[in-house]
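Enquirer: Per numbering that gives the first Met the number 0, residue 0 is the first one in the sequence shown, and the count goes up by one each step.
Since the hints were derived computationally from the structure, they do not count as laboratory data.
Don't be surprised by glycine CBs; every beta carbon is placed ideally from N, CA and C.
Heads up, some of the hints might be wrong.
[To be verified] Here are the simulated distance ranges between beta carbons:
{"hint": "1", "residue 1": "Ile-57", "residue 2": "Lys-418", "range": "55 to 65 angstroms"}
{"hint": "2", "residue 1": "Ala-390", "residue 2": "Arg-417", "range": "23 to 33 angstroms"}
{"hint": "3", "residue 1": "Asn-372", "residue 2": "Cys-467", "range": "18 to 28 angstroms"}
{"hint": "4", "residue 1": "Val-424", "residue 2": "Ser-48", "range": "45 to 55 angstroms"}
{"hint": "5", "residue 1": "Phe-213", "residue 2": "Lys-418", "range": "48 to 58 angstroms"}
[As the list claims (entries may be wrong)] Simulated crosslink set (DSBU-like; lysine-lysine; CA at most 35 angstroms straight-line):
{"hint": "6", "residue 1": "Lys-294", "residue 2": "Lys-466"}
{"hint": "7", "residue 1": "Lys-36", "residue 2": "Lys-252"}
{"hint": "8", "residue 1": "Lys-23", "residue 2": "Lys-434"}
{"hint": "9", "residue 1": "Lys-370", "residue 2": "Lys-328"}
{"hint": "10", "residue 1": "Lys-20", "residue 2": "Lys-89"}
{"hint": "11", "residue 1": "Lys-23", "residue 2": "Lys-36"}
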Amino acid sequence: MPNTPCAVPTCSGRGGHEFPKERKRCNAWRVAIRRVKDDTGRSWWPSLSDVVCSEHFITSDYQQFGKSGVKLQRRKLKPDAVPSQFSWTKQPTSAVVSRTNRYTERCAKREGTCDRNSDELSLDVDVDLDLDIAMVVNVNSEEQEVHDQAIQTDLPETLPASVSAHTQTDSGTKVQGFTIHDFKNDPKGVHYYTGLQDYLNFMDVLASLGPCAFELTYVNGKRPSLSVPDQLFLTIIKCRRYTVNFELSRMFKISKSEVYSIFATWIRFMHLQWREIDIWPDSDLVSFYAPSDFKAKFPSTRTILDGFEFPVKKPKAPAAQQVTFSTYKNRNTAKALVGITPGGLMSHMSGAYGGSTSDRQMIERSGLINKVNKGDSIMADKGFDVQDLFAPVDVTVNIPTFFKNKNRMTGESVARDRKISSKRVHVERIIGLGKTYKILTQPLNHTETILSSDIAFICFMLVNFRKCIISR
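Could you put the whole structure together from the sequences, leaning on the hints where they help?
Expert: Below, the structure is given as structure tokens:
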């Protein structure tokens, strides 16, 4: 497409290379070119005709020889090539450096004039660099502070000390806080704070929430100063590390009230948005992604069930204390029912109930009976003695054998129970991953207890965005 304009902001080139069809590589190109929608400021997605011209690639991005060893006549990009040459990454020219040096010498001859004329320096000394700066800032107004910080890094080393001090003073009017964009090339940092694989994985989570994430009505009625990606980043950090609001306010340079408003609003929004997704897969999909050994031993299994408890602070009301007290944990807890597919996908999640709720009551209230089909089977622990609930819909419940007043078990029963235990353990592993979000391991306060159903569901949905831990 030789006449198609280049998709990179501020570039006037035409023709070039189409965006990769592979989602991961396409996202890498989108992040590199820093383009957003002009009318809304939201993430921009390329069409089938959008291209990036060759001016934004370096020589090493192209293949020199074909598979047969013959030198290619037509330039072809390498599979891992990513555009890297932009106006905001170019080094200052020799003419700019020369003008800077001349201005430094003039300032040295006139005592005290450097500080007074530092405002003129930003206009006279480095005109080309300022034009690049203006173009970068206009690309994404929501990330202006991040770009300002990057601009300071790209300034030539030959600038005088007075200029650096002046630049830091201007940018210091609002100190840059924690931001997800600082972790673009730090997958370990992203995993530590969010549990996700990398920056692109985080952006996939944001994209799954749709455009409504940019039009939220907040608890306190005021729109926060943080960008939308950073609001999601703050919310996931709160779930992952269970960082207190005071510390989060210092990390993101906002007030504690803003932290509370962002967290409460986003937890409720993420739960409502993801609940609209039908995460209960068809039986054909469950069978296709099930491990081969699982299909051989339990081919009709639709889901593996287990309950888990997470602590809450002791309520003041006696009735609430009674409802939330768990005799199993000997403390006040909330309780939820989790179901996963044999392939390791969280496919069913009930709301949170008081710790005194039985497993049978959770199954009756969660609506699982209406989801299964005739001929399916469910795998669960011994505590889920609910065969009578699923018998009318012709669904089998595979659980370990009860002793039933017997002092020993037959060899056949032992072998069967071992098979069930070896497969049911996967739901325990998924629950373990869900509890890597520390908010489910520490006692929730009153506000968080109200949102406990939302919090538990969100933590396990985030596990679904991670790489599967069950091999096929």
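Enquirer: Run every hint past the structure and note whether it holds.
Expert: Hint check results:
no. : hint                                   : verdict
1   : Ile-57 to Lys-418: 55 to 65 angstroms  : holds, 56 angstroms
2   : Ala-390 to Arg-417: 23 to 33 angstroms : holds, 25 angstroms
3   : Asn-372 to Cys-467: 18 to 28 angstroms : holds, 24 angstroms
4   : Val-424 to Ser-48: 45 to 55 angstroms  : holds, 50 angstroms
5   : Phe-213 to Lys-418: 48 to 58 angstroms : holds, 49 angstroms
6   : Lys-294 to Lys-466                     : holds, 21 angstroms
7   : Lys-36 to Lys-252                      : holds, 27 angstroms
8   : Lys-23 to Lys-434                      : holds, 28 angstroms
9   : Lys-370 to Lys-328                     : holds, 30 angstroms
10  : Lys-20 to Lys-89                       : holds, 28 angstroms
11  : Lys-23 to Lys-36                       : holds, 20 angstroms
Taken one by one, the earlier hints all hold for this structure without exception.
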